[in-house]
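Undergrad: Chains as they are written, first to last, in the numbering used here: chain A, 9 to 167; chain B, 334 to 496.
These aren't lab readings, by the way, just hints derived from the structure by calculation. Be aware that a few hints might be false.
[Stated by the list, open to error] Pairwise CB distance ranges, derived in the manner of DEER restraints:
| no. | chain 1 | residue 1 | chain 2 | residue 2 | range |
| --- | --- | --- | --- | --- | --- |
| 1 | B | Met334 | A | Arg78 | 21 to 29 Å |
| 2 | A | Ser21 | B | Lys426 | 29 to 37 Å |
| 3 | B | Lys426 | A | Ala103 | 29 to 37 Å |
| 4 | A | Arg28 | B | Ile441 | 30 to 38 Å |
| 5 | B | Pro456 | A | Leu11 | 58 to 66 Å |
| 6 | A | Ala89 | B | Thr350 | 52 to 60 Å |
| 7 | B | Ser391 | A | Ile62 | 19 to 27 Å |
| 8 | A | Met17 | B | Lys453 | 31 to 39 Å |
| 9 | A | Leu124 | B | Glu460 | 53 to 61 Å |
| 10 | B | Ala459 | A | Ile62 | 24 to 32 Å |
| 11 | A | Ile125 | B | Ile411 | 25 to 33 Å |
| 12 | A | Gly133 | B | Pro360 | 22 to 30 Å |
| 13 | B | Val435 | A | Arg28 | 25 to 33 Å |
| 14 | A | Lys31 | B | Met334 | 33 to 41 Å |
[As the list claims (entries may be wrong)] Straight-line C-alpha distance at most 16 Å; calculated EDC-like pairs for lysine to aspartate or glutamate:
| no. | chain 1 | residue 1 | chain 2 | residue 2 |
| --- | --- | --- | --- | --- |
| 15 | B | Lys426 | B | Glu495 |
| 16 | B | Lys396 | B | Glu460 |
| 17 | A | Lys74 | B | Glu392 |
| 18 | A | Lys31 | A | Glu136 |
| 19 | A | Lys31 | B | Glu495 |
| 20 | B | Lys396 | B | Glu495 |
Quantities reported herein were computed from a predicted structural model and do not represent experimental measurements. We put the beta carbon where it would ideally sit given N, CA and C, even for glycine.
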Amino acid sequence: MSLQDLWRMSYDSHTIDILRNSKYAIPVIQSFHLFGITLLLGSMVILNLRLSGIGLRQIPMALLAKQIWRLAIGGLLLAMATGFLVFLPDPARYAANYAFRTKMVALCVAVGFQFLIYRRVIRSGAAESGSPRNIIVACCSLTSWFLVGWAGRAIAFLG
Amino acid sequence: MSIVSWCHWLQSTPWATSIRQSDFMFPVIEGSHILALSLSVGLIVLLDLRLLRLVLPSERVSKIMNQVMPWALPGFGIMFVTGLLLFFAQAEKVYTNGYFRVKMLVLILVGINALIYQLKFYPAMAEWDLSESVPRGAQAIAIVSLAFWMIVIACGRLMAYEL
Numbered sequence: 009m010s011l012q013d014l015w016r017m018s019y020d021s022h023t024i025d026i027l028r029n030s031k032y033a034i035p036v037i038q039s040f041h042l043f044g045i046t047l048l049l050g051s052m053v054i055l056n057l058r059l060s061g062i063g064l065r066q067i068p069m070a071l072l073a074k075q076i077w078r079l080a081i082g083g084l085l086l087a088m089a090t091g092f093l094v095f096l097p098d099p100a101r102y103a104a105n106y107a108f109r110t111k112m113v114a115l116c117v118a119v120g121f122q123f124l125i126y127r128r129v130i131r132s133g134a135a136e137s138g139s140p141r142n143i144i145v146a147c148c149s150l151t152s153w154f155l156v157g158w159a160g161r162a163i164a165f166l167g
Numbered sequence: 334m335s336i337v338s339w340c341h342w343l344q345s346t347p348w349a350t351s352i353r354q355s356d357f358m359f360p361v362i363e364g365s366h367i368l369a370l371s372l373s374v375g376l377i378v379l380l381d382l383r384l385l386r387l388v389l390p391s392e393r394v395s396k397i398m399n400q401v402m403p404w405a406l407p408g409f410g411i412m413f414v415t416g417l418l419l420f421f422a423q424a425e426k427v428y429t430n431g432y433f434r435v436k437m438l439v440l441i442l443v444g445i446n447a448l449i450y451q452l453k454f455y456p457a458m459a460e461w462d463l464s465e466s467v468p469r470g471a472q473a474i475a476i477v478s479l480a481f482w483m484i485v486i487a488c489g490r491l492m493a494y495e496l
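So that you can see chain A by itself, here it is in the shape it has in the complex:
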């Protein structure tokens, strides 16, 4: 399916019309998008405070890496599912928006980093101490996620 097909499907679909025309559908979905973001970014703050060694030092990293990771993934899935529902009624508007494009690229970078590098780092024994390597990894993680967040906020201001 090409992007154009997705566009046509979206604008032709009666189901998506419901989302488009309801006064409250998108605002309510956006609220759930924010719950997801709070959970995801909150989890990333917790993990990275611990990984960099500047906070939550009394809680073992091994525990956080398992349990807070799950919260982060839960938040990410909620944010992505609701984000897709917000995107679907008006794909052309979002596709033309530079902040949205930046957000999608940043999201791919953040998710890639998260699963390819970050997960391994926080699960290794070396994650228990705030070494320079851990601090750099924590900074990369936080920067990538907050870039996604800021780009997302900028969508509204770029029209």
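Starting from the structure of chain A, add chain B where the hints point.
TA: Only chain B this time, still in chain A's reference frame:
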């Protein structure tokens, strides 16, 4: 002077006007307000989930509280300051917005909820800190906290559609 006309005066002050009309300041303040949710509510969620024994059940509640609060409190500080600036910039419309009023009401209830925890459960925390049974009341406070914070976030998001 009525509150509405006071709000009108407030948002007409030069610095409130400059925030409202700035292409840079307003988005930065609003973005900070939203993303600081991660530091404030995001960290309180951890504490609530621990009280419900859904995360880190092997760690003491008091320990998690001590570790999390030094970060959550500055987070709430950012929320308060940026929220106040956003209010100044659009005081009249915000004050008359129904969602804003619900948000403020629920914020007060959240504060009372936290106060009840501090008075009733915090002093005796050592008794059940690690046990399998967190007092029912403390669990209820955690559920109320999670639900109320969701209402606060939703009202904050919904009110912006009407400004």
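Undergrad: Take the hints in turn and mark each one as holding or not.
TA: We went through each hint and held it up to the structure:
For the hinted restraint 21 to 29 Å between B/Met334 and A/Arg78, the CB-CB distance of approximately 53 Å leaves it violated. Judged by the Cβ atoms, the range 29 to 37 Å given for A/Ser21 and B/Lys426 holds: they are separated by roughly 35 Å. For B/Lys426 and A/Ala103, the Cβ-Cβ distance of about 31 Å falls inside the hinted range of 29 to 37 Å, so the restraint holds. Look at A/Arg28 against B/Ile441: about 36 Å separates their beta carbons, and that is inside 30 to 38 Å.
A hinted range of 58 to 66 Å for the beta carbons of B/Pro456 and A/Leu11 is consistent with their spacing of about 60 Å. Checking the proposed 52 to 60 Å range against A/Ala89 and B/Thr350 shows it is violated: the Cβ atoms sit about 40 Å from each other. For B/Ser391 and A/Ile62, the Cβ-Cβ distance of about 23 Å falls inside the hinted range of 19 to 27 Å, so the restraint holds. A/Met17 and B/Lys453 have their C-beta atoms about 55 Å apart, which leaves the hinted 31 to 39 Å range violated.
Our hint of 53 to 61 Å for A/Leu124 and B/Glu460 is violated, since their Cβ atoms are close to 45 Å apart. About 27 Å separates the C-beta atoms of B/Ala459 and A/Ile62, a value consistent with the hinted range of 24 to 32 Å. Distance hint check: the CB atoms of A/Ile125 and B/Ile411 are about 29 Å apart, consistent with the given range 25 to 33 Å. The given range of 22 to 30 Å is broken by A/Gly133 and B/Pro360, whose C-beta atoms sit roughly 42 Å from each other.
A C-beta distance of roughly 26 Å is found between B/Val435 and A/Arg28, which places it inside the suggested range of 25 to 33 Å. Between A/Lys31 and B/Met334, the C-beta spacing of about 35 Å keeps the proposed range 33 to 41 Å intact. Between B/Lys426 and B/Glu495 the CA atoms are separated by roughly 9 Å; this keeps the pair inside 16 Å, and the hint holds. Restraint check: the Cα-Cα separation between B/Lys396 and B/Glu460 comes to about 13 Å, which is no more than 16 Å; the hinted pair holds.
The straight-line distance between the Cα atoms of A/Lys74 and B/Glu392 is roughly 14 Å, inside the 16 Å bound, and the hint therefore holds. For the given pair, A/Lys31 sits about 49 Å from A/Glu136 by alpha-carbon distance, which is inconsistent with the 16 Å threshold. With a CA separation close to 11 Å, the supplied pair A/Lys31 and B/Glu495 stays within the 16 Å bound. At roughly 42 Å between alpha-carbon atoms, B/Lys396 and B/Glu495 are farther apart than 16 Å, so this suggested pair is violated.
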